[in-house]
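**Q** Work the whole structure out from these sequences, hints included.
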Amino acid sequence: MGATPQGQVDTVVLIHGLWMTPRSWEGWAQRYTERGMHVIAPAWPGMDRSVEELRDDPGPIAEQSIATIVAHYDRIIRGLPRPPIIMGHSFGGLFTQILVDRGLGAAAVGVHPAQVKGVLKVPLSQLRSGFPILRSPANRSKAVPFTADDFAYTFGNAMSREDSDRAWRRYAVPGAGRVYFEGAFANLDPRSPARVDVGRNDRAPLLLMAGEVDHVVPASVVRANAGLYQKSRALTAYEQFAGRSHFTVGQDGWEQIADYALDWALRAAALPREATIASEAPRR
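Heads up: the sequence shown begins at 1 in the UniProt record's numbering, then just goes up one per residue.
Hints were generated in silico from the structure; no laboratory data involved. Since we're looking at a predicted model, the values are computed, not measured. Backbone N, C-alpha and C define an ideal beta-carbon position, used for all residues, glycine too. Don't take each hint at face value.
Pairwise CB distance ranges (calculated) [what the hints assert, rightly or not]:
hint, residue 1, residue 2, range
1, E239, R273, 16 to 26 Å
2, P272, F185, 36 to 46 Å
3, D48, S141, 14 to 24 Å
4, A237, G36, 21 to 31 Å
5, K231, P272, 14 to 24 Å
6, S136, D202, 34 to 44 Å
7, A237, V122, 20 to 30 Å
**A** Below, the structure is given as structure tokens:
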């Protein structure tokens, strides 16, 4: 692994999303390693198995909840010698925001992140994407199968059907019902685990990235999520990419997205903390 200048952030923690495993990060992990970064891509607790094993026995998926997943990554990050860059995709992007709200990380990136509590936008495509889970309250305690057709609409809508099916076979696992229900109904739960202090001024810099054709977390949702942080003086950035679906981590051209995320995070992490906090507006 290439050396990094002393004092520079040298570790990236990658957090996968719903319907995925750490395998979804395989390209990003290799690319970042080749750039001299130490890359950690832990599975959700109990899900450190192959895609194939989790399809055969999805029991560990059914046991997931937002609280237990975030606690799992909290322990991992606090055990590192220095604050890392935290990156999360989809629900991993929501977990990233919660972890940053806890004071963790040197910089953070949400890649098409599921929204925190307070975002009211629910586009039709997002409802349709979640329908396989939300159609039955009984699914809250289950791992819900994710078919090739489901994947083609939610992740593969910017790919050929052949490429989508190939990606589905390699990456997709059933969805954790409890996690999705907790995220979908966050605004109805006063104690939602998806809540963050969007006005916090002393958190790490945060970038939220969106895709033009994402069906699962449409750009309008990510933009609204980023808008909540206007209450904070901490550095928050929003960037939208043309032609990107929810499978942006593996869709053709992922290298550009991965490089943008890491370059932004390294620049932000290198800034003196006072430089990442906007000055208060003068009071009259």
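**Q** Among the hints numbered above, which are violated by the structure, and what are their numbers in rising order?
**A** As far as the earlier hints go, not one is violated by this structure.
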